[in-house]
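Undergrad: Construct the entire structure; sequences and hints are all you get.
Going down the list, the protein sequences come from chains A and B.
Counting in my numbering, the first sequence runs from 12 upward without gaps.
Counting in my numbering, the second sequence runs from 17 upward without gaps.
Wrong hints could be hidden among the right ones.
In silico SDA-like links for lysine to any residue, alpha-carbon gap of 20 angstroms or less [what the hints assert, rightly or not]:
1. A:Lys39 with B:Ala52
2. A:Lys39 with B:Leu114
3. B:Lys110 with A:Ile48
4. B:Lys147 with A:Gly66
5. A:Lys39 with B:Leu113
6. A:Lys39 with B:Lys147
7. A:Lys39 with B:Ile107
8. B:Lys147 with B:Val75
9. A:Lys102 with B:Leu94
10. B:Lys179 with A:Ser97
11. A:Lys39 with B:Lys110
Hints are computed from structural coordinates only; laboratory data are not their basis.
Chain by chain, the residues:
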Amino acid sequence: MTSIPLSAYLVLALVLFCIGLYGALTKKNTVIVLISIELMLNAVNINLVAFSRLGPSPSITGQIFSLFTIAVAAAEAAVGLAVLMSLYNRKKTVNIDEMNSLKH
Amino acid sequence: MTLSGEMLAFTLLSLAAIMGGILLITLDRVVHMVIALVFTFISIAGIYVMLSAEFVAAVQVLIYSGAITIIMLFGIMLTRHNDTNQQTAGIFRKLLLLLGIAGFGIAVYAGIYQLDIPPEETSLHIDNTRKIGTALYSRHIIPFELTSVLLLAALVGAIILAKKDSEKGEEEEG
Numbered sequence: 012m013t014s015i016p017l018s019a020y021l022v023l024a025l026v027l028f029c030i031g032l033y034g035a036l037t038k039k040n041t042v043i044v045l046i047s048i049e050l051m052l053n054a055v056n057i058n059l060v061a062f063s064r065l066g067p068s069p070s071i072t073g074q075i076f077s078l079f080t081i082a083v084a085a086a087e088a089a090v091g092l093a094v095l096m097s098l099y100n101r102k103k104t105v106n107i108d109e110m111n112s113l114k115h
Numbered sequence: 017m018t019l020s021g022e023m024l025a026f027t028l029l030s031l032a033a034i035m036g037g038i039l040l041i042t043l044d045r046v047v048h049m050v051i052a053l054v055f056t057f058i059s060i061a062g063i064y065v066m067l068s069a070e071f072v073a074a075v076q077v078l079i080y081s082g083a084i085t086i087i088m089l090f091g092i093m094l095t096r097h098n099d100t101n102q103q104t105a106g107i108f109r110k111l112l113l114l115l116g117i118a119g120f121g122i123a124v125y126a127g128i129y130q131l132d133i134p135p136e137e138t139s140l141h142i143d144n145t146r147k148i149g150t151a152l153y154s155r156h157i158i159p160f161e162l163t164s165v166l167l168l169a170a171l172v173g174a175i176i177l178a179k180k181d182s183e184k185g186e187e188e189e190g
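TA: Next comes the structure, spelled out in structure tokens:
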């Protein structure tokens with residue numbers, strides 16, 4: 012039987028989510044911003060799996076939810092990188108502060 | 017809370033995960049940041065094993081520390097980056113962000129730190145993959161098929177996005 016409370020897993024996920032949020036908001040390179048978003052998604056996955064094991068009425072559904080999240084995150088990373096490549100071909104930069112064409 | 021082997025494993029894994037995240041924020045070079053994040057992803061896979069989700073742990077290692085890290089490294093290598101990733105955000109803005117995120121963290125922490133649901137005995141660790149397969153193909157069949165449509169759409173969209181502009185770029189160059 013597990014001896015670690017549910018709240019420990021939730022706090023770990025919270026810390027990782029906050030780190031990912033900070034990275035996504037302060038970093039300059041677009042690839043790093045994308046991978047920070049992946050870190051945030053991972054933190055959410057920890058929550059899903061933790062509730063599927065330690066929450067009320069544990070069942071396999073939480074793990075299946077996290078599998079779907081991983082699939083969507085992989086699709087998001089691929090499309091995000093394709094958009095980045097297309098932008099890079101056009102503007103020759105990966106600096107996220109210079110990608111503001113929609114503003115004008 | 018006694019010091020058991022499980023507690024030790026959890027402490028080590030979560031320390032490695034948070035250390036990877038902090039390295040992501042503090043390191044200078046872009047490639048080093050991505051490599052640091054691999055530590056986080058593998059530690060999270062260990063956390064999944066502790067939560068009796070072996071199949072999700074295997075998927076985590078394959079997809080995150082394998083596929084997504086490699087695709088991000090490709091993204092870095094294929095674009096021109098000044099190697100070091102100096103942050104443009106001013107010190108004032110960074111401080112403000114840190115304050116906001118700390119506020120968010122404290123607000124959520126206040127909600128979860130005493131959340132205590134009495135753990136129940138589960139059989140999730142027995143035949144984990146078989147159970148996931150059964151559930152995927154019976155109860156969750158519609159989301160499963162929708163995921164395949166989503167992946168196909170993402171595949172086609174990514175190819176079109178990346179291809180169209182490179183052709184155009186060649187025309188402009190030529």
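Undergrad: Are the hints correct? Go through all of them and say.
TA: Verification of the supplied hints:
| no. | hint | result |
| --- | --- | --- |
| 1 | A:Lys39 with B:Ala52 | 17 angstroms, holds |
| 2 | A:Lys39 with B:Leu114 | 16 angstroms, holds |
| 3 | B:Lys110 with A:Ile48 | 18 angstroms, holds |
| 4 | B:Lys147 with A:Gly66 | 18 angstroms, holds |
| 5 | A:Lys39 with B:Leu113 | 15 angstroms, holds |
| 6 | A:Lys39 with B:Lys147 | 43 angstroms, violated |
| 7 | A:Lys39 with B:Ile107 | 14 angstroms, holds |
| 8 | B:Lys147 with B:Val75 | 15 angstroms, holds |
| 9 | A:Lys102 with B:Leu94 | 14 angstroms, holds |
| 10 | B:Lys179 with A:Ser97 | 8 angstroms, holds |
| 11 | A:Lys39 with B:Lys110 | 12 angstroms, holds |
The structure fails hint 6 only (numbered hints given earlier).
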